[in-house]
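Protein sequences, first through last, are from chains A and B. Using our numbering, read the first sequence as starting at 1 and increasing by one per residue. Using our numbering, read the second sequence as starting at 1 and increasing by one per residue.
Quick caveat, the hints were computed from the structure, so don't treat them as lab data. Bear in mind the structure is a predicted one, so any value in this text is a computation, not a measurement. Quick reminder that beta carbons are idealized off the backbone N, C-alpha and C, glycines included. Worth double-checking, as some hints may not be accurate.
What the hints assert, rightly or not - Derived coverage of chain B by chain A (criterion: at least 3 residues anywhere in the stretch with Cβ under 8 Å from a Cβ of chain A; other residues may be distant):
1) 152 to 161
2) 168 to 176
3) 253 to 261
What the hints assert, rightly or not - The following residues of chain B were derived to be distant from chain A, with all beta-carbon distances above 12 Å:
4) L55
5) R79
6) I112
7) I119
8) I229
9) I266
10) L288
11) Y298
What the hints assert, rightly or not - Interface residues of chain B toward chain A, partial, derived using beta-carbon atoms under 8 Å:
12) R7
13) R82
14) S83
15) L93
16) L149
17) L267
18) D300
Given next are the chains, with one letter for each unit.
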Amino acid sequence: MKASRILVTFLAVSVVALSMFVSPSVIGAPQRGGRVVVALNAGWDLLDPAATAFTFSREIMGNIYDPLLIKDPETGEVKPSLATQWTISQDGRTIILKLRQGVKFHDGTPLTAEAVVFSINRIRDPALRSPMAATILGPVERVESPDQFTVQISLRAPFAPFLDSLTEISLAPVSPAAVQKYGKDFGQHPVGTGPFMVTEIVPNQRVVMVRNPDYRWAPKIFKNGGPAYLEELVYTVVPEDATRIAQLVRGEVQVLYNAPPREVNRLQRNPNFRAYFKDQAGFPRSIIMNTSKWPFDDVRVRIAIAHAINKGEILKTVYEGIGGVASLPLSPVTWGYAKSLEQTAYPYNPDRARQLLAEAGWRPGSDGILVKDGRPFRVRLWTTTVAQQLLDAQLQQSELKAVGIDAQINAIEQAPYLAAIRKGDHDLGGMLFVSADPDVLFTISHSSQIGAGWNTAFYKNAELDRLLEEARVTTDPAKRKELYVRVEEHLNKNVPYIPYYVIKRAFLSTAKVQGFLLDVRAFEVFHDVWLSH
Amino acid sequence: MLAFLERRVLLSLLTVLGVSVGVFAMIHLVPGDPVTVMLSEFASPADQQALREELGLNQPLYVQYWRYLSSAIRGDLGRSVRSNRPVVAEIALRFPHTLRLALTALVIAVTIGGTVGVISAVRRNTVFDHVAMVTVLAGLSIPSFWLGLMLIIVFALRLEWVPVAGYEGWQYLILPGLTLAAAPAAVLARLTRSSMLEVLTQDFVRTAQAKGLHHTTVVLKHALKNSLIPVVTVLGLQLGYLLGGAVITESVFAYPGVGRLVVDAILARDFPVVQGTVLAIALGFVFLNLLVDVLYVYLDPRVRFA
């Protein structure tokens, strides 16, 4: 009896002891090598930081280039990256950056202050028509390199969001030698300083990157200070949702962005997969109303439409509950979000919508569509051809129909869509803008940003302009926040945009992917990623 | 025979020329100013003027057409408005993939369709014949989108016999090839069957049978060759369709073919790419039909000795 007891205990202990040696994927140190394939549901345009504002381009470029500064994904604090030190002058108009030494571009040329100056000036060059210029450069007057590792940026006026701009990949240094060599084709031959180097691009189909073996300048927020663990990183475009999921299940793809919410909910429960979520900061998904076009110039009409949209329904039907309802033109995780104003958003109330429209002089016509001064309320709702956004638009269309507005859907591909809404071809549209700083509100609602920026509601209001301008030059965080509260109040009252959905970015990966993390803009970071067995 | 071929080549060249006129006219038939349609960006008047000059849109139409034609012959089809790469490069990158997929689908279609058609004809009105013809109807009616996804679920996910999607090797051609082959296989099966039936009632077949030749020899050696003429014609047309119309299959399988390129370009208003791709597909189509005509020479002695 006693002997068998001892034997059993001995066996049990040895099994436990052995298992500690036999499961490396549970404890283990990061292993080098391997290939991760990421499947996107749509393509990108160019991989040139100065020339694109496409979200997917910015994500992919995060692997190829390093930003000058970086924001901590947890705290949002600005930390060093390629610039190890930064000082802002007393009057807020001069910023000095000290660059890290020993950094090289993928083509072997060194990172110097001149290269940084070159890169920043590229965005300012009107010939490049950079869609990010108006957004992130503000009043930059001059960029100079007093010595090889010092960059001096002079502003016409203090610009509070500038530190945030320096953390954007759009201001990341590019290799001047490569730009000279490839000229217009630089976007197809990107050369940066990042942990991965591009070896192959098939436009709108795939980007193949390999580890940069010389990489030693990762920001300290990453655990891995040296070259990336992964041997190869590939982005592919698989437009069909079902195919993308099948590839993940089969292991042909290891990371997946933008899976249908239903699949995310399903696969989360499967131990072979992991889901990662991050609330996206910036301007949430919103309905755009072109206030320069009849009848959206009438604020009563806009408020009525705000009452007609059932945000909860959209969240449930299109996004399967992943994410949240937006009440304000900033997402709740953005600094400057005015929680106190949440309840001031116009709630779903179709009766009130009809009432307001009636008060504004609209009468139902014979077919149920509202008519005013002989003109029926027939407008075009622009959207992209991405499946989820189409569904979104269709739901909005039916909600508008319920109050007597006939919205015809016009779906086009993303690139011309973005150009069209900046130009003002639309009546109604949809937009979001990823940003870690509330200055995004300047980008989407200041009158100077019509056409050149992203004020796609074509909204012009002198009072709002003043508030936004003041917020830009106020360096005291408390005062700045207060100004943004007033901005949000104004936008909520006059609704040139109707924010309706706070995006929660969802990524799926196989369980073998370790160290995956999402940065402050909910963009994926692969530098710390390794594959277990 | 030579006269026949000469005539066919000449007609082919004329067809290509006709297509080039149509493709060239496309950019002018679109409502509105082509430049503002293409450059929907907040383009400055200077940018618009630059594009106008680059495309030669301020010249008289016949000058523009001549410029277009002479560049096209030299292999310059302009630059993509989106990616700024030469159109020829964009097409060249994808054409080999499309060709591979189309040929795979064709081989599958011919094998399955031809075999089913011959057997159905020989065993007319049997169970096999009826079942085959119903299946053929299904093959024509099933949307390729649904078929592709079903094939993925069954063969790639459940059975794991083949990969899901990609283009790194011949295994990746199996599922999209099957998906794309469904409709042509169905068409070929029916056509082979009816053509065979017609041939089998001819006198020379009865003669061959009377001579005591083995049944298979009669069917395969004598009857089949003669029934191939209409089938080969349709084959040429099918291949042309496969070259340009595989868009849905390409989307489901994320396959980088010419179909997706042209549809993406249409949606993005990238005219140079649309024009170039349409021209390339038309060229391919015409060339294939020429090949079919050459094949006639061997299949139909009446042509050879005309």
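Now the hints, each set against the structure:
Requiring three or more residues with a Cβ within less than 8 Å of a Cβ of chain A, the coverage given for the segment 152 to 161 of chain B holds, as 5 such residues are present. Residues of the segment 168 to 176 of chain B lying with their CB closer than 8 Å to a CB of chain A number 0, which falls below the three-residue condition for coverage. Only residues whose beta carbon comes within less than 8 Å of a beta carbon in chain A count, and the segment 253 to 261 of chain B has 3; three or more means the coverage holds. Every C-beta of chain A lies more than 12 Å from that of L55/B, the closest at about 16 Å, which supports listing it as non-interface.
Against chain A, the non-interface label of R79/B is violated: not every CB pair exceeds 12 Å, the least being about 9 Å. Its beta-carbon lying about 24 Å from the closest one in chain A, I112/B satisfies the requirement of being farther than 12 Å from that chain. Interface exclusion of I119/B from chain A stands, the closest Cβ pair being 34 Å apart, more than 12 Å. With a closest Cβ-Cβ approach of about 39 Å to chain A, I229/B is found to remain outside the 12 Å limit, as its non-interface label requires.
A beta-carbon of chain A is positioned within 12 Å of the beta-carbon of I266/B; the least distance is around 9 Å. For L288/B, the non-interface assignment is confirmed: its Cβ lies about 26 Å from the closest Cβ of chain A, beyond the 12 Å cut-off. Every Cβ of chain A is farther than 12 Å from the Cβ of Y298/B; the closest lies at roughly 39 Å, confirming the non-interface assignment. The closest approach between the C-beta of R7/B and any C-beta of chain A is roughly 41 Å, which is over the 8 Å cut-off, so the hint fails.
Hint status for R82/B relative to chain A: holds, with the closest Cβ pair at about 6 Å, below 8 Å. Annotation: interface hint on S83/B holds; nearest CB of chain A at approximately 5 Å, less than 8 Å. At a threshold of 8 Å, the smallest CB-CB gap from L93/B to chain A is about 6 Å, leaving the interface hint in force. Nearest Cβ of chain A to the Cβ of L149/B: about 5 Å, under the 8 Å cut. The hint holds.
The interface hint given for L267/B holds, since its Cβ lies 4 Å from the closest Cβ of chain A, which is under the 8 Å cut-off. Checking D300/B against chain A: minimum C-beta separation of about 43 Å lies over 8 Å; hint violated.
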